[in-house]
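Participant: Work out the full structure: start from the sequences and follow the hints.
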Amino acid sequence: MKTSDSTVINDLYKFSVLDTVNNTGKPFVSIIMPAYRLSKLITYSINVIEKTMDTYGYNYEIIVVDDGSPDDTYNQALKVSKDPTVRVYKLPRNMGKGYALLHGFRRSKGEIVVFFDGDLDIDPRQIHLLISALKNTKADIVITSKWHPQSKTIATPIRKFLSKAFYALARLLLGLKVSDTQTGAKAFKRNVLEDIVNHLTIKRYAFDVELLTAATTRGYKIVEVPALWKIKLTSSFKTKEIWKMFIDLLAITYRHRVKKQYTCLLYTSPS
1 MKTSDSTVIN
11 DLYKFSVLDT
21 VNNTGKPFVS
31 IIMPAYRLSK
41 LITYSINVIE
51 KTMDTYGYNY
61 EIIVVDDGSP
71 DDTYNQALKV
81 SKDPTVRVYK
91 LPRNMGKGYA
101 LLHGFRRSKG
111 EIVVFFDGDL
121 DIDPRQIHLL
131 ISALKNTKAD
141 IVITSKWHPQ
151 SKTIATPIRK
161 FLSKAFYALA
171 RLLLGLKVSD
181 TQTGAKAFKR
191 NVLEDIVNHL
201 TIKRYAFDVE
211 LLTAATTRGY
221 KIVEVPALWK
231 IKLTSSFKTK
241 EIWKMFIDLL
251 AITYRHRVKK
261 QYTCLLYTSP
271 S
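Using the numbering used here, the first residue of the sequence shown is number 1, and each one after it goes up by one.
One or more of the hints may lead you astray.
[Unchecked claim] Estimated spans, in silico, between C-beta atoms of each pair: (1) T263 / K79: 44 to 50 Å; (2) P157 / K177: 23 to 29 Å; (3) T263 / E241: 26 to 32 Å.
[Unchecked claim] Under the rule of at most 25 Å between Cα atoms (straight-line distance), these lysine-lysine pairs were calculated in the DSS-like manner: (4) K51 / K82; (5) K164 / K240; (6) K164 / K152; (7) K203 / K244; (8) K259 / K244.
What the hints contain is simulated information worked out from the structure, not anything from laboratory work. Bear in mind that the values here come from a model prediction, so they are computed numbers and not experimental data. Here a beta-carbon is modelled for each residue, glycine too, at the ideal position from N, C-alpha and C.
Facilitator: Right under this line is the structure:
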């Protein structure tokens with residue numbers, strides 16, 4: 001197991017997305033895209049990500065997981081799956097984004113695994129920045145932070161308050177030292193993610209918090225990068241969702257502080 005403090009790097013914006021690594025150093029990347037009610041957007045999202053990855057010359061696969069959408073998301077995504085780089089799966093019912101991400105991960109092959117939301121709230125060029133940071137900072141996990149000083153985030157005051165209040169609570173209860181847990185753009189070394197997922201319980205509202213808690217507890221290095229392209233936070237939180245996230249946060253705290261679930265050796269990652 002690697003031992004390194006969770007780290008926030010304030011100048012990672014210097015990793016220009018125009019700087020590409022040599023072709024011989026290109027990793028095989030798996031992009032896991034959870035999708036829910038995205039029938040009008042999913043084909044566009046897949047095509048844009050393909051174009052982005054091709055531009056940077058990556059060897060990659062895109063795995064789309066429809067999280068039990070009641071609309072035509074799955075069939076629309078299937079139209080693109082004729083491309084050998086794209087595979088599409090459908091869950092029988094809505095299981096939560098965390099469950100969908102793990103479902104896709106377990107069917108992936110990449111040495112680097114990227115979790116990327118299918119609604120493209122974050123520009124796909126961010127993927128290259130995540131991979132560059134993963135390679136150049138010796139990080140085990142790289143996450144996009146909406147609140148990094150260099151991020152271009154547009155949010156209403158109430159949305160910004162709720163997001164930062166949730167982070168403050170997660171830091172108080174769990175000791176997390178990252179500024180943003182919920183952004184849908186993260187990159188992982190495969191063996192690190194293989195180790196972490198065996199310790200996870202929550203598959204819905206606080207999945208990202210539990211994942212990062214397990215990673216921090218197990219000594220993996222986490223680096224935050226800014227969102228170099230504009231993020232506009234338009235979705236609102238329902239009172240029911242806020243309450244469920246709070247309950248999940250308390251459950252994670254119990255498993256972390258009392259059960260020591262994230263330190264138990266359930267799996268030995270490959271050397």
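Participant: It remains to establish, for every hint, whether it holds in the given structure.
Facilitator: Results for each hint:
1. T263 / K79: 44 to 50 Å: holds, 45 Å
2. P157 / K177: 23 to 29 Å: holds, 25 Å
3. T263 / E241: 26 to 32 Å: About 30 Å separates the Cβ atoms of T263 and E241, which means 26 to 32 Å holds.
4. K51 / K82: Holds, at about 16 Å.
5. K164 / K240: Judged against 25 Å, a Cα distance of about 18 Å means the pair holds.
6. K164 / K152: holds, 16 Å
7. K203 / K244: holds, 12 Å
8. K259 / K244: holds, 21 Å
Violation of the numbered hints given earlier is absent; every hint is satisfied by the structure.
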